[in-house]
Amino acid sequence: MGQWFAENGLLIGLALLDGLAYAALVFMVAVGLNMVFGVLRIVNVAHGSLFAIGAYAAASIGLFLASLGLPPIAGFAALLLAAALVGGILGPLIERLVLRRIYGQEEVLQLLVTFALFMILEDVQKLIWGVQPIFQDAPMKALGTVDVPFGEDVIPFTAYQLFVLPGVALATLAGLAWFLRRTLTGRVIVAVTTDKEAAMAMGIDAAKVTLLTFTFGAALAALGGALASPTTSLVPGIGAQTIVLSFAVVATAGLGQIEGAAISALMIGLGRSIAVYLAPEFEVVVPYLIMVAVLLIRPQGLFGRLETRRV
Amino acid sequence: MSASDRDAPGVAAPRPSMRLPEAGLALAGAAALVLAAWAVPWLKFVLTIALAKGVAVLGILLLLRAGQVSFGHSMFLAVGAYTVAFLAPAVPEALLLLPLGALLGGLLGLVIGLFIVRYRDIFFSMLNLALSMVLYSLLEKLYDLTKGTDGIRVSALTFAGAVPDRETQEWVMFGLALALALGFGLLVRAYLASPMGRALAGIKTRETRLEFMGVSARRVLLFAYVFSAVMGGAAGTLVAMTTRHVTPQLAYWTSSGELVFIAILGGAGSALGPFLGATAFELVRVYAAAAVADAWQMILGGVLLLVILFAPGGLWGMLTSRLRGRA
Numbered sequence: 047m048g049q050w051f052a053e054n055g056l057l058i059g060l061a062l063l064d065g066l067a068y069a070a071l072v073f074m075v076a077v078g079l080n081m082v083f084g085v086l087r088i089v090n091v092a093h094g095s096l097f098a099i100g101a102y103a104a105a106s107i108g109l110f111l112a113s114l115g116l117p118p119i120a121g122f123a124a125l126l127l128a129a130a131l132v133g134g135i136l137g138p139l140i141e142r143l144v145l146r147r148i149y150g151q152e153e154v155l156q157l158l159v160t161f162a163l164f165m166i167l168e169d170v171q172k173l174i175w176g177v178q179p180i181f182q183d184a185p186m187k188a189l190g191t192v193d194v195p196f197g198e199d200v201i202p203f204t205a206y207q208l209f210v211l212p213g214v215a216l217a218t219l220a221g222l223a224w225f226l227r228r229t230l231t232g233r234v235i236v237a238v239t240t241d242k243e244a245a246m247a248m249g250i251d252a253a254k255v256t257l258l259t260f261t262f263g264a265a266l267a268a269l270g271g272a273l274a275s276p277t278t279s280l281v282p283g284i285g286a287q288t289i290v291l292s293f294a295v296v297a298t299a300g301l302g303q304i305e306g307a308a309i310s311a312l313m314i315g316l317g318r319s320i321a322v323y324l325a326p327e328f329e330v331v332v333p334y335l336i337m338v339a340v341l342l343i344r345p346q347g348l349f350g351r352l353e354t355r356r357v
Numbered sequence: 148m149s150a151s152d153r154d155a156p157g158v159a160a161p162r163p164s165m166r167l168p169e170a171g172l173a174l175a176g177a178a179a180l181v182l183a184a185w186a187v188p189w190l191k192f193v194l195t196i197a198l199a200k201g202v203a204v205l206g207i208l209l210l211l212r213a214g215q216v217s218f219g220h221s222m223f224l225a226v227g228a229y230t231v232a233f234l235a236p237a238v239p240e241a242l243l244l245l246p247l248g249a250l251l252g253g254l255l256g257l258v259i260g261l262f263i264v265r266y267r268d269i270f271f272s273m274l275n276l277a278l279s280m281v282l283y284s285l286l287e288k289l290y291d292l293t294k295g296t297d298g299i300r301v302s303a304l305t306f307a308g309a310v311p312d313r314e315t316q317e318w319v320m321f322g323l324a325l326a327l328a329l330g331f332g333l334l335v336r337a338y339l340a341s342p343m344g345r346a347l348a349g350i351k352t353r354e355t356r357l358e359f360m361g362v363s364a365r366r367v368l369l370f371a372y373v374f375s376a377v378m379g380g381a382a383g384t385l386v387a388m389t390t391r392h393v394t395p396q397l398a399y400w401t402s403s404g405e406l407v408f409i410a411i412l413g414g415a416g417s418a419l420g421p422f423l424g425a426t427a428f429e430l431v432r433v434y435a436a437a438a439v440a441d442a443w444q445m446i447l448g449g450v451l452l453l454v455i456l457f458a459p460g461g462l463w464g465m466l467t468s469r470l471r472g473r474a
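Residue numbers (my numbering), protein chains in the order written: chain A, 47 to 357; chain W, 148 to 474.
Worth flagging that the hints you see were computed from the coordinates, not collected in a lab.
Since the model is a prediction, treat every value here as computed from it, not as a measurement.
Each residue gets a CB set at the ideal place from its N, CA and C atoms; glycine is no exception.
Any given hint could be a false lead.
[Said to hold, decoys possible] Covered, in the sense of this in silico footprint (three residues per stretch, anywhere, with C-beta under 8 Å from a C-beta of chain W), are these stretches of chain A:
(1) 148-154
(2) 161-173
(3) 200-212
(4) 293-306
(5) 316-330
[To be verified] Chain W is nowhere near these chain A residues, computed Cβ spacing over 10 Å in every case:
(6) Gly55
(7) Ile119
(8) Gly134
(9) Val144
(10) Lys187
(11) Val194
(12) Thr229
(13) Thr240
(14) Ser279
[To be verified] Result set (DMTMM-like, lysine to aspartate or glutamate): computed pairs, CA atoms no more than 20 Å apart in a straight line:
(15) A:Lys187 / A:Asp64
(16) W:Lys288 / A:Glu329
(17) A:Lys242 / A:Glu153
(18) W:Lys294 / A:Glu329
(19) A:Lys172 / W:Asp441
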């Protein structure tokens with residue numbers, strides 16, 4: 047064991063750091079999906095497309111800013127701008143034009159409507175950005191790397207993945223917890239999540255809350271994509287990949303759990319990146335295996351509350 | 148398939164929606180397909196795939212009756228397809244591979260079904276999705292075995308020992324798909340009219356009532372799940388034998404989404420719906436891909452949205468309301 051660790055310790059360290067950065071990204075997407083489900087009662091399959099479009103938009107805006115001669119640090123403005131634009135435009139558009147028509151309908155139909163949206167958005171994304179990989183890592187490069195001490199060794203790791211990604215995720219987590227529990231708007235959202243009819247009876251404008259929540263969730267997905275964009279090259283299909291992963295995170299945590307989503311994102315992120323280093327063939331399988339294992343033991347998810355079945 | 152189900156088709160189900168001459172429509176539809184395949188030779192391929200997918204969608208339809216939607220059902224299709232791809236070099240006989248693929252699909256369905264029938268609604272969908280993604284990832288990553296995303300070319304097949312030329316083989320595949328479509332269609336109809344099939348609707352409305360009546364909801368769902376997996380496996384063998392090339396994409400969650408799409412497009416009201424939906428889907432796909440290569444998905448998505456928002460009964464629903472209106 048000691049010798050194995052000496053040989054593989056560095057890899058484990060790298061896997062942990064990677065996993066942390068990865069978990070941060072997955073959390074951003076999953077938490078938005080979770081909030082949207084809480085209020086709308088719809089699992090939004092197109093959520094992954096919003097992630098992808100956020101990523102592409104961030105890369106494009108970043109490249110545009112760079113072409114103006116702005117310093118690479120301006121790339122960070124691009125990330126935020128992309129998230130705000132995608133969330134602010136596509137969010138209300140989707141909610142108002144499409145989702146609003148299917149509230150309260152059969153779950154199957156709701157799922158399929160968002161699947162249709164996913165198909166449409168995938169092609170929109172291909173039409174705008176093409177199928178060639180796009181790479182824009184200026185924000186990551188701008189911050190350079192940090193030497194992380196690990197035992198006797200040091201691991202050089204990008205500051206962006208080490209500080210920015212987990213930092214934003216933590217800020218989102220804390221901000222959301224504060225927002226939902228301490229502000230009026232947040233409490234209204236929680237009220238609608240818990241009991242829509244009772245909330246409406248007390249004078250809450252559920253339509254407004256729904257619109258707000260969906261827009262916010264869309265912006266979180268886009269922000270996740272924007273944050274991911276410097277770390278990877280963008281290709282068609284990242285939306286499809288992301289959505290299933292965030293499903294896994296949300297289902298593992300239990301629907302409607304925000305802190306829980308953070309923990310399961312961490313489990314899945316770390317699990318995956320450890321697999322990347324130890325058994326690369328099974329890298330992609332690990333998140334799903336974790337999810338299936340958790341649901342086998344706790345059908346409502348790790349932190350989900352058991353809902354009594356309707357009689 | 149179990150022979151006991153065979154005696155039911157003659158007994159018309161006394162449901163109002165079954166008043167239409169489904170059998171006549173099915174035969175007319177089959178004749179129209181044969182005619183189309185004969186008149187436009189290249190359509191034969193498209194229609195064979197459509198029929199194969201229709202068989203898989205019959206399985207989706209069973210689960211929809213119970214109010215459950217499997218967003219991972221194409222994994223059974225992939226099992227059937229890879230069965231053909233792996234075994235064709237050793238056992239090139241199509242008429243052996245077909246039942247074998249269906250059997251393996253059913254076996255996987257039984258293993259997964261044993262625990263998945265404990266879940267409902269969104270968890271049922273997502274667990275199916277997760278498991279299909281596990282299969283997808285394995286097919287993609289175990290390169291030595293599966294050649295990864297390149298996929299496997301299906302080696303030459305024999306049909307009852309004979310090696311037909313290309314034209315004949317296309318007709319044979321088309322005929323096989325049509326025969327399976329009709330056969331499984333009849334079986335599904337009989338099954339849905341049987342007490343086991345009726346109980347599926349009970350899961351959708353009030354599961355507790357079933358349990359009070361002493362019917363195990365899990366067993367009812369398990370039977371439907373395995374049955375649908377068998378049809379998925381059979382459909383997969385047809386797809387592999389027709390396209391002669393299998394890739395992990397078959398198991399990807401978007402392929403499963405397509406199957407559910409077809410089920411809703413065709414309408415879940417009748418065993419004919421899946422075939423109506425699959426034919427429409429494949430034709431739209433072919434023409435949309437030819438007309439606007441980069442936006443065929445968008446067109447399909449748009450069609451799906453329109454169907455759900457404005458014609459919730461699907462094509463079958465539109466057809467029946469037409470026919471009823473005239474009668």
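Hints, verified against the model:
Counting residues of the stretch 148-154 of chain A whose CB falls under 8 Å from any CB of chain W gives 4; the rule of at least 3 is met. For the stretch 161-173 of chain A, the proposed coverage by chain W is satisfied: 11 residues have a C-beta within less than 8 Å of a C-beta in that chain, meeting the threshold of three. Taking a C-beta to C-beta cut-off of 8 Å, the stretch 200-212 of chain A contributes 0 residues in contact with chain W, too few for the three needed, and the coverage statement is violated. Residue count for the stretch 293-306 of chain A with a Cβ under 8 Å from a Cβ of chain W: 4. That meets the three needed, and the coverage hint holds.
Check result for the stretch 316-330 of chain A against chain W: holds, 5 residues qualifying (beta carbon to beta carbon below 8 Å, three or more required). At the 10 Å boundary, the C-beta of Gly55 (chain A) stays outside the reach of chain W, the nearest C-beta of that chain being 26 Å off. Every CB of chain W lies more than 10 Å from the CB of Ile119 (chain A), the least distance being 35 Å, so the non-interface label holds. No beta-carbon of chain W is positioned within 10 Å of the beta-carbon of Gly134 (chain A); the least distance is around 22 Å.
Once the 10 Å rule is applied to beta carbons, Val144 (chain A) is inconsistent with being away from chain W; the minimum gap is 7 Å. Every CB of chain W is more than 10 Å from the CB of Lys187 (chain A) (nearest about 31 Å), matching its label as outside the interface. No Cβ of chain W approaches the Cβ of Val194 (chain A) within 10 Å, the least distance being about 29 Å, so the stated non-interface status holds. For Thr229 (chain A), the shortest C-beta to C-beta distance to chain W comes to about 29 Å, beyond the 10 Å cut-off, and the non-interface label holds.
At roughly 18 Å, the least C-beta separation between Thr240 (chain A) and chain W is larger than 10 Å, which holds for a residue marked as non-interface. Residue-level check passed: Ser279 (chain A) sits 17 Å from the nearest beta carbon of chain W, beyond 10 Å. Pair hint Lys187 (chain A) plus Asp64 (chain A) holds up; C-alpha atoms about 17 Å apart against a cutoff of 20 Å. Between Lys288 (chain W) and Glu329 (chain A) the CA atoms are separated by roughly 9 Å; this keeps the pair inside 20 Å, and the hint holds.
Annotation: proposed proximity of Lys242 (chain A) to Glu153 (chain A) holds, straight-line Cα distance about 17 Å (limit 20 Å). The hinted pair formed by Lys294 (chain W) and Glu329 (chain A) meets the criterion: a straight-line CA distance of about 17 Å does not exceed 20 Å. Restraint check: the Cα-Cα separation between Lys172 (chain A) and Asp441 (chain W) comes to about 7 Å, which is no more than 20 Å; the hinted pair holds.
The structure fails hints 3 and 9 (numbered hints given earlier, in ascending order).
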